[in-house]
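Working from the sequences, and respecting the hints, build out all of it.
Taken in sequence, the protein lines are chains A and B.
According to the working numbering, the first sequence is numbered sequentially starting from 1.
According to the working numbering, the second sequence is numbered sequentially starting from 1.
Note that these hints are calculated values from the structure, not bench results.
Note that the coordinates shown come from a computational prediction; the quantities given were computed from them, not determined experimentally.
Careful: at least some of the hints might be erroneous.
Simulated pairs of lysine to any residue, SDA-like, Cα-Cα distance not exceeding 20 Å [as the list claims (entries may be wrong)]:
#1 Lys131(B) to Asp59(B)
#2 Lys131(B) to Ile12(A)
#3 Lys86(A) to Ser104(B)
#4 Lys93(A) to Ser125(A)
#5 Lys55(B) to Pro106(B)
#6 Lys131(B) to Pro41(A)
#7 Lys93(A) to Lys131(B)
#8 Lys237(A) to Phe179(A)
#9 Lys93(A) to Ser114(B)
#10 Lys86(A) to Asn102(B)
#11 Lys130(B) to Ser65(A)
#12 Lys237(A) to Ser204(A)
#13 Lys19(A) to Trp87(B)
#14 Lys133(B) to Ser20(A)
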Amino acid sequence: MLQRDVFINEVIESLEKDKSIYFLSADFGAASLDILREKFPENFIHCGISEQAMIDIAVGLALESNKVFVYAMAPFLSLRALEQVKCGPGLMKLPICLISVGIGLGYADAGPTHYANEDYACLRSIVGNSIFTPSDNLTTEMIAKDLITNPRFSYVRLDRDNQPDLVPKITDENFKDGFKVFGEIGTDKTAIISHGKIFHNCYSIYKKKKEKTICINIFRSKPFPEKLIKLLKQIKKILVVDEQTPQGNLGSCIYENLSKNNLYPKIKIRSLDEMFFFENGGRSYLLNKSGLSDKDIISDIDGI
Amino acid sequence: MKKNDLKELSKKYRKEIFEKFLLIKQGHPGSIFSMMEIAVTLFHGGYVRFDEKKKKFIDKVLISKGHATSTLYPILRDFGVIKKLEWENWGKSQTKLRIFGNISIPGIDITSGSLGHCIGSGAGMALFYKKEKIDKKVFVIISEGELYEGSTWEALLFAKHHNLNNLVIFIDINELIILGNTKECLKLDPIDKKISGLGIDCHNIDGHSIESITKSLDKISNSDNLNCILAKTIKGKGSSIMENKKNWHYWNPMSDEQIKKTRNDLDQ
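Pasting the structure below:
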């Protein structure tokens, strides 16, 4: 099942008993959304292909004490409506959850207009939001449940594609922490930190290099997990991998939070290269071309 | 309240706000003076209903031209929503009042300042009231300059699609933006044809005539359609120094003589 369907199914379930939930779409669909629209037409609002107005409409609904979910393709919801996001849920601290689908190069081969390689940097810079980037369906389900139960200004970054389950799975305690560690911590090991779909590439590499690495899935990077800071105090070498542009990606987030805590381990950031991607060939091909191949990640582990 | 009283109140509030400008030395007098009669008529004319017991307004007023939200402060003070002390302290010491309104100020229904947001937010509120059969209206006041924002038109399409007859949009048309006349900077005309082309009922009025404002509001009170009131106004209305002057979008330093003249003008 796709992450978007996992999330929307949770919304559908909650709508059975909570009619204060509104789900808004800027003409972006899902199989589960068809069900939501049919079962709860009063709680679904089509805003047209108008991401900016969609956020403003969400503000009006949220000011009337409703829980609002806005849903669109990642590049358009994040960048096109950024100022509305700042002035609406940001300034007024409103319980609006933005659900972005297709982060990174998820929409390969649609081309650079459809890639969301900057959304993380943009949304993370807005004051007061929570940011989630799940790597599997269970985490997505937990995020949806949390945001329905504790509605707040949040940005959920979903992948376009199916993702394998994390094994071992995220526990309730992991969810509270905002991250999960795979492997045994050792001071001489490199911690590979990542989120979203690219995490799975890191995880595969970690499995082959267990003696040298641990792997950390950070599905909630804002607010930054306090426990992760404690854990990173024991780590001397960190590799952050993110399917985003070189500026303002997950690596920046890790750097800033370590620096805030006067921690200065060796850090390497592996992201997409500074370029727009016009080539065809699929997501893996583009990742390989742009500095995010397994080979690139492995060379960083060895070289750090 | 009688129409003459509303006119007198508008004059009184202009004078009071002018005295605040002299203290604060910043703000947007041109835009505030141009929408004064609209705000006074909405609140004191009873179009925005007030719950005396709760000391809260039933209907919502969203000032999309957020730089002019302080037009409402003396009005809200007189309804007892903003404390007199808050008003008195403005420009002197600690107060909740700000040049741009925000929702931490009692009676201010939205945080605004950036243009082009409030038709969308007002539409969200109005749609909710309609769905839930809640008897509330939403009045949104925008400047004509906000017609340059794409989000304004996105929201108009949305509001019309849902036939939000509980949403009333005022467009304060004073023909001036920061760099000059809209006709010369980037033409907006014919505004009424463009908006009525969306299927919205447009009403051209004199935005400084209490009679014209009340007539339009009475006319649309039972309308089945989305209504837009195009209010022709004068930027800086009431002050001969400020009227129709683009530089009076912002406060400018005044000589003693200019202050005297403006006080005298606002008394007329």
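ask   = Hints broken by the structure, by number, lowest first?
value = Numbers 7 and 13, in rising order.
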